[in-house]
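A.B. asks: The chain contents come next:
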Amino acid sequence: MNNEVSVSITTGDNPKDAVIKGINNLGGISKFIEKDETVFIKINLTSITGFPSNVNFNTLIEIIKLCKTAGAKKVYIGSFPYENLSIKDVSDELGLKEFLEYYGGELVFLDNSDKLKISNEEKLKLQKDSFKEVEVQDFIIQYPKIILNIDKFICLNQVNVHPLFNIHLSLLNLFSCIPFKFRKIFAKENAEKDYIITDQYKKKLISRIFDIYDIKKPNLVINDLFHFMEGAGPFIYKDSKINPSKYIVCGNEAIATDYTTLKILGLNPEKNFLISHWIEKNIGILDLEKINLLGENLEEINLTFKQCKKRIEDIYVQKFNIKKGQICSGCFLQSYYLLNFLKTFLLKDLNYLPQCSYLFGANPLEPDSPNNIILYGDCAIKTTEKREFRTIEKEGRDIKTLFLKKAIMEKKNKRILEIPGCPPNIQDTLNRFLKYFKKNNLPTLNFYMKKLNKTKKTVEFDES
Amino acid sequence: MSLNKIFKENWLKILDFNAKIKEKKDFDKSQIKVRIPVTPLEIDLSLLYKLVSHIYPDFVNDKQNVLDIIISNDQKKIEKSYLHLTYKNGNHYQVKKIDYNNGFLKDQNLNNLGEIFNKCQNNLREKEGITISGLRIYTEKAIDKINSLTSNINSVDLKTYLINLCHTFYNLINKNMLYIYPEPSFMIFLKQLVKFLNFIDSSKIFISIYELFPKFNSGILFTQENLHFLVLIRKSTSNFDIKLLDLEGFDYDFNTINQKTLLKKLLKKFKIKSIYHFNFQQFLYYLDDLIESDIPFEQGRFSFLLQKLLYAYKSYEINWYSYPRPIIYNFFIKFFSRLVGYNVNLKKLSYWAIPELIINVQNSILGLLNKIIIIITDFQSIKIDKSKKQESLKETLSNAYLIKTFNGKLKNIQLLNKSDVISENQNNSLKNIRNETSSRFGYISSVISIDKSLIKLIIQNFLLNQHRFNPFSNLITLRKFRNPLYFNLYPNRKIYLNLKMRTLLPILIDKFEF
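From first to last, the protein sequence lines are chains Z and W.
Each residue of the first sequence is one higher than the one before, counting from 1 in the numbering used here.
Each residue of the second sequence is one higher than the one before, counting from 1 in the numbering used here.
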């Protein structure tokens with residue numbers, strides 16, 4: 001295979017035609033896969049929801065078939081899902097294992113969630129056998145050995161809008177080669193003073209994304225934007241819709257493929273956090289303007305789409321007065337998901353709730369009333385410790401006068417819901433909501449949490 | 001080429017009656033019965049007049065006079081033409097033959113009906129001094145179809161007639177045999193519906209729905225100012241019967257009589273099992289909302305229509321009545337169910353939140369682009385051992401539908417052939433069906449099978465027998481959802497299968513009355 005970086009843009013009546021054309025433009029599947037090689041296809045497998053938060057299975061089936069025709073010995077498919085979900089949960093809900101087997105692929109339970117009834121010793125042994133420990137940013141992460149030892153690595157990425165990175169690029173897809181717990185960015189106990197101002201969360205996250213990308217680079221990258229999600233995305237379907245762009249971008253290099261994808265979508269790649277980081281660190285290594293572009297003419301493509309909201313204050317949630325402070329990308333991302341979840345699924349519950357003030361970030365604005373204040377995240381909790389709303393004045397018998405006279409006394413405000421974490425975990429947040437506002441005021445949330453809290457049990461194995 | 005004698009005789013009777021109204025400005029009290037045009041349903045002439053006056057202006061046209069043109073099958077020349085003089089309320093009272101020369105339609109394109117309409121309009125204004133408000137163009141084949149539908153209308157049973165009607169209508173729409181200008185909203189709605197259903201022959205859909213209904217014998221009372229009529233609907237194992245009765249002649253004082261007493265009297269008089277009472281105008285408003293909607297429904301429109309329906313359902317004894325009273329509205333039933341932790345007060349039905357919840361859950365679980373297959377089985381059609389029934393989808397499959405959704409709205413429904421779903425060589429489990437059909441139709445996210453007997457039970461227990469206290473029968477029906485013989489789903493989505501009433505009811509029933 002020559003080392004030229006090539007990217008192909010193709011279109012067709014259906015994803016199948018477009019992806020076949022795309023791979024053929026790059027020289028055909030046999031250019032990437034040789035006989036008796038093993039292949040791993042990294043897909044989007046985020047949750048138990050329907051398309052497009054997961055991969056387009058029509059495109060996936062076609063790629064499996066192509067690999068088989070090239071003589072691949074085994075075609076593995078896998079990914080790590082979102083927090084609190086195991087691969088088994090997703091596979092059972094979507095019927096994936098059997099479906100992929102039927103088409104000649106094999107779903108890999110990277111988290112070993114298919115082997116629940118084994119002893120602790122066996123679990124540890126399995127963990128050792130399945131993962132290799134890799135040091136990343138003074139931090140040990142576990143990387144699946146199956147991907148490291150594979151002959152050929154394909155990344156099939158479903159392109160959607162993303163609240164932080166604008167677009168869900170293949171680099172983000174490759175990031176979920178590792179379990180969710182290693183993808184989380186935590187602030188140190190004594191975080192630097194400028195942690196928020198310099199948005200260390202985002203910097204660390206981007207840096208980790210590239211560290212994971214560097215561990216094993218894909219041989220073939222497919223950005224599937226044949227049907228891509230625009231609007232609120234990627235897990236919020238209420239204010240989102242599918243944009244049938246009918247394009248698929250294939251390339252032999254991830255950065256170049258992502259760069260071209262952004263251009264197709266009318267975005268400036270150099271303003272994208274991931275691409276700009278790469279350009280900054282790798283000047284001279286790959287001239288992105290000299291990518292060998294094949295297929296459709298990039299200049300003639302004019303796609304428009306609706307992006308995610310950039311400001312949390314723009315997300316309207318009934319009964320929630322949003323009071324922002326200085327925030328980093330961690331709190332932005334989690335707040336974005338949380339508020340959109342509330343807005344989408346808890347329409348009825350929000351009618352039962354009293355007016356709330358949602359304070360997040362460091363030094364947030366003053367709440368509208370001392371009642372029902374939600375302090376979201378460590379920054380909001382710590383920086384408001386001495387604020388006036390923390391205490392309330394109440395008339396009562398004064399102890400100093402041996403309860404003979406009435407006086408105005410200061411008491412701790414108990415109408416505050418503190419949600420710790422940097423950033424907080426969504427499931428934990430929702431459980432705290434349920435506890436604070438009571439189940440009978442949140443019937444829909446109660447219903448969902450009964451389901452969600454059950455899935456958490458199956459993930460505990462992975463966490464161990 | 002003209003309409004058959006039976007149809008004509010009936011039509012002339014109607015014209016004659018309507019013409020007399022113009023002269024006398026009053027109804028003839030003789031209660032002469034005619035058939036509703038093109039149907040075997042008998043009706044009092046005065047009731048027909050009143051119904052047309054209520055329905056026609058809103059759903060078809062609110063101006064006078066219509067021109068009917070019968071054209072040759074090659075659509076090049078006019079065979080015959082009739083001018084129907086109508087009142088503003090749509091009732092026809094006179095028909096006149098109009099002669100057009102053979103070249104009248106020359107160079108006219110039937111896709112541009114507006115131009116033809118204007119030409120006819122100018123011509124009639126000059127010749128007759130009359131303006132028309134509508135134009136209907138039939139091909140000779142259309143007249144053939146209508147003739148064959150109405151040839152034995154005096155003797156045909158309603159079920160056969162309705163199957164024929166659906167079939168005729170499907171042909172008229174699908175094969176461009178009928179043109180109407182301006183196109184009434186109901187026609188646009190029906191055309192969109194036929195297209196949405198992927199041109200599935202509507203008679204097949206009618207038969208499928210007909211078979212799902214158990215036996216019943218009910219009446220629906222529609223009232224409005226100056227209009228009180230009763231629709232008697234009876235379904236037996238083999239047939240189906242509808243009667244329309246004008247209650248004007250029965251001497252009920254509708255202004256003073258108590259609802260319960262009235263319904264009880266009608267129940268006894270017409271020997272029916274249950275009776276429902278609706279306001280006719282509200283019913284028409286809902287129908288109008290439905291017909292004005294684009295098909296497939298946008299999510300917002302679906303939510304609006306469902307909200308209205310649920311609101312009407314919750315407004316029992318405000319917007320609708322029934323006798324016997326639904327048992328769920330009984331105070332003691334409500335009290336005891338609340339006592340054991342189930343709040344089933346339907347007066348607090350969460351009509352405003354349920355549609356949104358359904359849409360959001362459906363969008364999230366199924367996704368914004370998906371295909372599902374629904375299989376209707378009929379276990380009663382075969383006599384095999386119960387244990388083998390699960391593997392017998394090959395014999396029990398009655399109908400299968402492929403339902404496509406895009407951006408959360410139904411895109412279309414496709415009727416599948418048995419061979420599309422069932423494989424001769426392998427085990428026809430839902431898992432295999434999903435895998436096989438995915439290679440043919442693209443990724444299928446779910447396959448659902450449901451038996452006709454279960455649907456019948458649901459209609460019987462939860463719709464028709466709402467007034468009966470039979471908790472065990474209801475529980476047995478609900479439990480059948482857990483029996484894969486009657487209801488099965490692949491992949492086994494836990495969110496559907498582990499629904500618990502205790503957690504679900506607070507979502508469906510409000511805490512307060514909003």
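None of these hints come from the bench; they were simulated from the model.
Don't take every hint at face value.
Unchecked claim - Below, in silico cross-link-like pairs of lysine-lysine (DSBU-like), each with a Cα-Cα straight-line distance of 30 Å or less:
{"no.": "1", "chain 1": "Z", "residue 1": "Lys-97", "chain 2": "W", "residue 2": "Lys-308"}
{"no.": "2", "chain 1": "Z", "residue 1": "Lys-65", "chain 2": "W", "residue 2": "Lys-418"}
{"no.": "3", "chain 1": "W", "residue 1": "Lys-431", "chain 2": "Z", "residue 2": "Lys-450"}
{"no.": "4", "chain 1": "Z", "residue 1": "Lys-238", "chain 2": "W", "residue 2": "Lys-418"}
As the structure is a prediction and not an experimental result, all values here were calculated from the model.
A.B. asks: The structure should be examined with respect to each hint, and the outcome stated for every one.
C.D. replies: Right, here's what the structure says about each hint:
Note on Lys-97 of chain Z and Lys-308 of chain W: the hinted pairing is violated, with a Cα-Cα distance of about 42 Å set against a maximum of 30 Å. About 27 Å separates the Cα atoms of Lys-65 of chain Z and Lys-418 of chain W, which keeps this hinted pair within 30 Å; it holds. The straight-line distance between the Cα atoms of Lys-431 of chain W and Lys-450 of chain Z is roughly 28 Å, inside the 30 Å bound, and the hint therefore holds. As the CA atoms of Lys-238 of chain Z and Lys-418 of chain W are separated by approximately 36 Å, the hinted pair breaks the 30 Å bound.
The structure is inconsistent with the numbered hints 1 and 4, although it conforms to all the rest.
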